[in-house]
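Going letter by letter, the sequence shown gives residues 5 to 300 in the numbering used here.
These are calculated hints, taken from the structure and not from any lab test.
Treat the hints with caution; some may be incorrect.
Stated by the list, open to error - Think about it this way: if two alpha-carbon atoms lie no more than 25 Å apart in a straight line, the pair counts; the simulated SDA-like pairs of lysine to any residue are: (1) K138 with E161; (2) K210 with P250; (3) K148 with R218; (4) K173 with H146.
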Amino acid sequence: MPEIIGHTQERARLRQAILSGAFPQSVLFSGPESIGKQLVALECAALLSGASDFIPTPDWPHPLDVLIVRPEQVRVRGRLRTQKIGVETIRDLLFFLRETPHVQARVVIIDDAHELSPSAQNALLKYAEEPLGKTFLIFITHEKGRLLDTLLSRLEERRFALVPEEFLKSAFAKESAQLPDFFLRLGRPGMLRRAHDEPEAFRADKDDLASLFRLSALSLAERTSLAERLSHDVPRAIRLLEWYVPGMHTRLLGEQEAKKVLRFAAFLEGLSEAVSRLRQGDGSARFILEDVLLDV
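Turn these sequences into a full structure, and let the hints guide you.
Printed below as a string of structure tokens:
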């Protein structure tokens with residue numbers, strides 16, 4: 005399992021809850037994207053299932069008593085999109101939970117739980133309220149607002165924050181020397197880990213994110229080209245925009261001139277709307293991105 009960067013106190017509290025038998029059977033791990041929530045969930049799952057000494061391999065990435073559910077990505081009209089987690093998947097995971105554990109307990113991790121369809125969320129209400137015996141269900145999301153209130157009310161939440169810059173500098177000393185400073189200030193170790201694990205993909209992310217941060221200096225043609233590139237992979241476009249927005253919020257907080265503050269605020273509102281429309285598949289991804297990126 006990759007090293008978990010930061011979250012020292014949160015992990016200590018979770019470990020203590022597991023060892024004392026106080027870990028909730030239905031729990032929500034919330035917080036920004038790419039900060040390590042899934043790795044912490046896997047760490048908890050290994051302890052809960054009685055496989056604390058488990059060493060993952062490419063062929064065996066998690067213990068037998070642990071199931072990871074995540075949305076699939078599909079290509080629609082040449083564009084990559086994220087597919088909703090449907091009711092059929094929920095039936096499968098509930099069947100998994102009903103099976104007798106091989107060791108201690110069974111654990112299901114639902115990654116990107118905000119991609120659960122409304123019917124899938126409703127199908128989980130009974131379990132979340134009345135969990136089965138030795139079973140645990142860990143929801144992971146960076147978009148808590150997309151989960152139904154009826155489901156949220158049945159989950160105990162553990163919130164994770166962005167990782168401080170000093171942790172990232174220490175953990176990614178080699179990579180950080182080759183990156184713009186703002187990458188470290190984003191507080192997302194998952195993003196920096198890509199620099200090591202997927203250098204080609206990360207290089208493209210880095211270049212496009214750098215373009216976003218100097219958007220106002222780009223020509224009309226360059227912005228149009230950026231929108232076109234991003235539109236080919238909608239999940240990636242959403243991810244980059246979500247990394248970009250906090251940086252723009254920081255700039256907004258440091259701005260003093262009233263007119264610029266208003267422009268920044270309007271631009272951020274447009275970005276949020278664009279991300280929402282991209283998630284919902286509301287119209288052409290290219291037109292949505294052009295709409296927001298050309299309006300600077």
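Status of each hint after checking the structure:
Taking the CA atoms of K138 and E161, the gap is near 20 Å; set against the 25 Å cutoff, the hint holds. For the hint linking K210 to P250, the alpha-carbon distance of about 16 Å falls within 25 Å, and the restraint holds. Of the pairs offered as hints, the one joining K148 and R218 is violated, with about 30 Å between alpha carbons and a cut-off of 25 Å exceeded. Between K173 and H146, the direct Cα distance comes to roughly 23 Å. Compliance with the 25 Å bound is thereby established for this hinted pair.
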